[in-house]
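Trainee: Below are the chains, spelled out letter by letter.
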Amino acid sequence: MTFNLTVSPDFAPDHISGWYFFNTWLQRKLDVGIHLELYDNFEAQRNDIRADKFDMIYANPYDASMLVREMGFQAIARPASKSDETVIAVNAESLFQTVEDLKPGSRVATTDDPDVHTMGMIMLESADLDKSNTDIKQHSSYVVVAKNLLNGDADAGFFLKEAYDELSELIRSKMRVLVSSEISVVHHSLLVGPRMVEHIPAIQTALLTMQDDDKGKGVLESMDIKHWEPMDSEQTEFMIDLIDTLIE
Amino acid sequence: MSEQDTLEVRTVEISYFDGTKRTAEIVDREVPYPDGKLIVSRTDPQGIITHANQSFIDMSGYSEEELIGTNHYILRHPDMPAIAFKGLWDTIDQGTKWHGYVKNLRKDGAYYWVKATVIPNIRNGQLVGYTSVRRKPSRSKIEESEALYKTLMAEE
Ligand SMILES: Cc1cc2nc3c(=O)[nH]c(=O)nc-3n(C[C@H](O)[C@H](O)[C@H](O)COP(=O)(O)O)c2cc1C
Numbered sequence: 001m002t003f004n005l006t007v008s009p010d011f012a013p014d015h016i017s018g019w020y021f022f023n024t025w026l027q028r029k030l031d032v033g034i035h036l037e038l039y040d041n042f043e044a045q046r047n048d049i050r051a052d053k054f055d056m057i058y059a060n061p062y063d064a065s066m067l068v069r070e071m072g073f074q075a076i077a078r079p080a081s082k083s084d085e086t087v088i089a090v091n092a093e094s095l096f097q098t099v100e101d102l103k104p105g106s107r108v109a110t111t112d113d114p115d116v117h118t119m120g121m122i123m124l125e126s127a128d129l130d131k132s133n134t135d136i137k138q139h140s141s142y143v144v145v146a147k148n149l150l151n152g153d154a155d156a157g158f159f160l161k162e163a164y165d166e167l168s169e170l171i172r173s174k175m176r177v178l179v180s181s182e183i184s185v186v187h188h189s190l191l192v193g194p195r196m197v198e199h200i201p202a203i204q205t206a207l208l209t210m211q212d213d214d215k216g217k218g219v220l221e222s223m224d225i226k227h228w229e230p231m232d233s234e235q236t237e238f239m240i241d242l243i244d245t246l247i248e
Numbered sequence: 001m002s003e004q005d006t007l008e009v010r011t012v013e014i015s016y017f018d019g020t021k022r023t024a025e026i027v028d029r030e031v032p033y034p035d036g037k038l039i040v041s042r043t044d045p046q047g048i049i050t051h052a053n054q055s056f057i058d059m060s061g062y063s064e065e066e067l068i069g070t071n072h073y074i075l076r077h078p079d080m081p082a083i084a085f086k087g088l089w090d091t092i093d094q095g096t097k098w099h100g101y102v103k104n105l106r107k108d109g110a111y112y113w114v115k116a117t118v119i120p121n122i123r124n125g126q127l128v129g130y131t132s133v134r135r136k137p138s139r140s141k142i143e144e145s146e147a148l149y150k151t152l153m154a155e156e
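Chains A and B are the protein sequences, given in the same order.
This note's numbering puts the first sequence at residues 1 to 248.
This note's numbering puts the second sequence at residues 1 to 156.
The hints are simulated quantities; they were obtained by calculation from the structure and are not laboratory data.
Among the hints, erroneous ones may be present.
[To be verified] Derived DEER-like restraints, expressed as beta-carbon distance ranges:
| hint | chain 1 | residue 1 | chain 2 | residue 2 | range |
| --- | --- | --- | --- | --- | --- |
| 1 | B | Leu-148 | A | Met-66 | 33 to 39 Å |
| 2 | A | Glu-37 | B | Pro-45 | 38 to 44 Å |
| 3 | B | Val-128 | A | Asp-135 | 41 to 47 Å |
| 4 | B | Lys-86 | A | Ser-132 | 28 to 34 Å |
| 5 | A | Ser-132 | B | Lys-107 | 35 to 41 Å |
[Claimed, not checked] 30 Å max Cα-Cα, derived DSS-like pairs, lysine-lysine:
| hint | chain 1 | residue 1 | chain 2 | residue 2 |
| --- | --- | --- | --- | --- |
| 6 | B | Lys-103 | A | Lys-131 |
| 7 | A | Lys-161 | B | Lys-141 |
| 8 | B | Lys-97 | A | Lys-82 |
| 9 | B | Lys-103 | A | Lys-103 |
| 10 | A | Lys-131 | B | Lys-97 |
| 11 | B | Lys-21 | A | Lys-103 |
| 12 | A | Lys-161 | B | Lys-150 |
Model, not experiment: these values are computed from the prediction.
We treat Cβ as the ideally placed atom computed from N, Cα and C, and that holds for glycine.
Given these sequences and hints, build the entire structure.
Mentor: Written as structure tokens, this is what we have:
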């Protein structure tokens, strides 16, 4: 039987090959067939997840919540010292100095990344802004969000901090960060579904010792992950409870 | 700090639901909510703190050792009407999520406003505790809440 792996489409495109290397590495370690399927948008991926197409998912925290609570997945590992933070940025020349300077009618550029969008909207609340009094436009990538800020088509843009930091120096020099979240306990995780449960011990062992040999280390580097840390069910539940408080 | 802050210091006796009391020095000085942060704590089903994140420690002014094992009412500000917390407990007792604006008392007597959400933590169908996550409230919501709580206090 071949299992199916997918990866939340919010990582930088430079790391796509890293996930293919990871898949090859994991198949050798486990001696099972795994097919990797990547998506360029959240919606299409979520539909396939709901249709029960996958056995292993590197998920953003928002999807992890659905996978654990509704589909019986278990989080088994997380990338070390990597958390999901959100940045609200503006054009470097704009007059906005704080979030509270943004006014009703502000044009907000976002993506379909559910975590970043949720956290971005939460950080706008202190300015009394919400979806009813802002003009929100969803774009296909963070680069497009940045372009909208640079050419004046948006007043504020939401970014995954990691993606913001990976934009080119030139683009970043034309933007300014208004606020950056510092939550630290919300992060991606690797989840395994019910059909693949018997492989969990082997997967965990393989992941947690991945940095110990040159091959594994190289794969980790290409995914921009230092090493994996174990996650138990209570850590997962805690993160999901926290996310629950942030969504309506 | 809010414009109306007087920096006046008063000594107040705070009585809690369980019959205990403490005397606190209250300073009329607001500590602004830090941008981008969430204040997170967890309690057991009785409201005893079991977890506090760094933002909670920083904003409350207590150490982690002082917070863990203490009743969450340690943050209760005397300007908060009892009915607000009755609403909180009635809501979470029913297993549902509660949202509200809360003025909290710091260890040093100053205060900070939060927009709080509290949810029950259910594991295998059992209530094991509660999680509260706070975020930065808007100035207009703080002003609305101040006015509302003043009215409610006058009625208590
Ligand atoms: C998870 C959780 C978090 C709470 N956080 C606060 C808080 O930040 N500030 C506060 O005054 N009360 C908080 N409470 C409510 C207190 O338990 C308590 O009801 C309140 O301080 C009023 O005190 P009293 O019940 O003794 O009148 C929290 C309760 C729970 C379950």
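Trainee: If you check each hint against the structure, which ones fail?
Mentor: 11 and 12
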